[in-house]
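Participant: Position in the sequence shown (from 1) plus 207 gives the number in the numbering used here.
Hints listed in this document are in silico derivations from the structure and should not be mistaken for laboratory results.
Treat the hints loosely; a few may be bogus.
Ranges between beta-carbon positions, derived for each pair [stated by the list, open to error]:
(1) SER345 - SER228: 32 to 38 angstroms
(2) PRO324 - THR384: 46 to 52 angstroms
(3) ARG232 - ALA376: 35 to 41 angstroms
(4) ARG335 - ARG378: 19 to 25 angstroms
(5) VAL211 - ARG381: 32 to 38 angstroms
(6) SER387 - PHE284: 36 to 42 angstroms
(7) VAL279 - GLY369: 28 to 34 angstroms
(8) VAL375 - LEU212: 20 to 26 angstroms
(9) ARG232 - SER387: 29 to 35 angstroms
(10) LEU272 - PHE252: 18 to 24 angstroms
(11) ARG386 - PRO324: 51 to 57 angstroms
(12) ARG227 - PHE252: 23 to 29 angstroms
(13) ALA260 - SER349: 43 to 49 angstroms
(14) ARG386 - PHE276: 23 to 29 angstroms
C-beta atoms are modelled at their ideal positions from N, C-alpha and C, and glycine is treated no differently.
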Amino acid sequence: MPTVLAHPAVPLAIAAVVGRSAISRRLLAAGAVASMLPDLDVVGFHYGIPYAAEWGHRGFSHSLLLALFVAVVGAGFAKQLVSTPRITFWFLLVTVASHGILDAFTNGGLGIALLWPFSHERFFAPLRPIEVSPLSVSGILSVRGVAVLRSELLWVWLPCLGVAVTAVAFRYHRARTIRSGGRANAPARGPGG
Numbered sequence: 208m209p210t211v212l213a214h215p216a217v218p219l220a221i222a223a224v225v226g227r228s229a230i231s232r233r234l235l236a237a238g239a240v241a242s243m244l245p246d247l248d249v250v251g252f253h254y255g256i257p258y259a260a261e262w263g264h265r266g267f268s269h270s271l272l273l274a275l276f277v278a279v280v281g282a283g284f285a286k287q288l289v290s291t292p293r294i295t296f297w298f299l300l301v302t303v304a305s306h307g308i309l310d311a312f313t314n315g316g317l318g319i320a321l322l323w324p325f326s327h328e329r330f331f332a333p334l335r336p337i338e339v340s341p342l343s344v345s346g347i348l349s350v351r352g353v354a355v356l357r358s359e360l361l362w363v364w365l366p367c368l369g370v371a372v373t374a375v376a377f378r379y380h381r382a383r384t385i386r387s388g389g390r391a392n393a394p395a396r397g398p399g400g
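Could you put together the complete structure from these sequences and hints?
Facilitator: Encoded structure:
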C-alpha cells in the first residue's frame, strides 16, 4: 500500500479540478479522511485476522462495495458537509475507491479485493511502480520508508499536483477570458487596425 500520506492526494486533486464552489472545505476534509479509511483493516492483524483473509488487509475494506457504502452514508450528511447529496456521493465514492486502485499499483502485498463480495480474487494493476509501504511507523521512518515516500511523490503526488495546477490555470484563464469579453488573447490593435 502507499502510506496513508498518499491517499489524500486524490481528493485534493479532485477538489482543485472542480473548484471550491463544488467541494466545500468540510467535504474536502471528509474526502481526505475517507480516502484513508480502507487502511483501518490493519487493526485486524492485532486480532489474528490473516492478511489473505477476506476481512484481512486489502480485503473487503478496499472493495468498490465499501466505497459505495461510504458514499451512500456520506450523502446523508451532505448538509453538514456544506454540499449536495449528489456531489457528496460522487466525491466520496471516487475518493474511497481511489484507495484500492492506488494500492493496486504497488509492487508488493497480495493484491486488492476490489470486487468483493462478488469475487474473492485479489487484483494488481498491470503497471506497479509504487513502492509498497511498510505497515509500521518505524518502517515508514526507515530507509525503506523514505524510498516509499519518494515513490509516492513521483507516482501519486506529482501527477495529482500536475492535474490540480492545470485545472486551476485553466479556470483562471477561462475567468479572465470571460471578464474581458472573450479577448484575453486577442492581438493588440494599433492605430487604424
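Participant: It remains to establish, for every hint, whether it holds in the given structure.
Facilitator: Results for each hint:
1. Remark: the range hint 32 to 38 angstroms for SER345 to SER228 is contradicted by a beta-carbon distance near 43 angstroms.
2. For PRO324 paired with THR384, a C-beta distance near 49 angstroms keeps the hint of 46 to 52 angstroms intact.
3. Restraint check, ARG232 to ALA376: a C-beta distance of roughly 22 angstroms breaks the suggested window 35 to 41 angstroms.
4. Between ARG335 and ARG378 the Cβ separation comes to about 33 angstroms, which falls outside the hinted range of 19 to 25 angstroms.
5. Distance hint check for VAL211 and ARG381: the Cβ-Cβ separation is about 35 angstroms, which falls inside the suggested range of 32 to 38 angstroms.
6. Checked against the given bound of 36 to 42 angstroms, the beta carbons of SER387 and PHE284, roughly 40 angstroms apart, stay inside it.
7. Evaluation of the 28 to 34 angstroms hint for VAL279 and GLY369 yields a pass: the beta carbon distance comes to about 31 angstroms.
8. Between VAL375 and LEU212 the CB atoms are about 22 angstroms apart, so this pair conforms to the stated range of 20 to 26 angstroms.
9. With their beta carbons about 30 angstroms apart, ARG232 and SER387 fall inside the hinted range of 29 to 35 angstroms.
10. For LEU272 and PHE252, the hinted distance range of 18 to 24 angstroms is satisfied, since their beta carbons lie about 22 angstroms from each other.
11. Separated by about 52 angstroms at the C-beta atoms, ARG386 and PRO324 satisfy the suggested range of 51 to 57 angstroms.
12. A hinted range of 23 to 29 angstroms for the beta carbons of ARG227 and PHE252 is inconsistent with their spacing of about 39 angstroms.
13. At about 27 angstroms, the CB distance of ALA260 to SER349 disagrees with the hint of 43 to 49 angstroms.
14. The hint said 23 to 29 angstroms for the Cβ distance between ARG386 and PHE276, and at roughly 43 angstroms that hint is violated.
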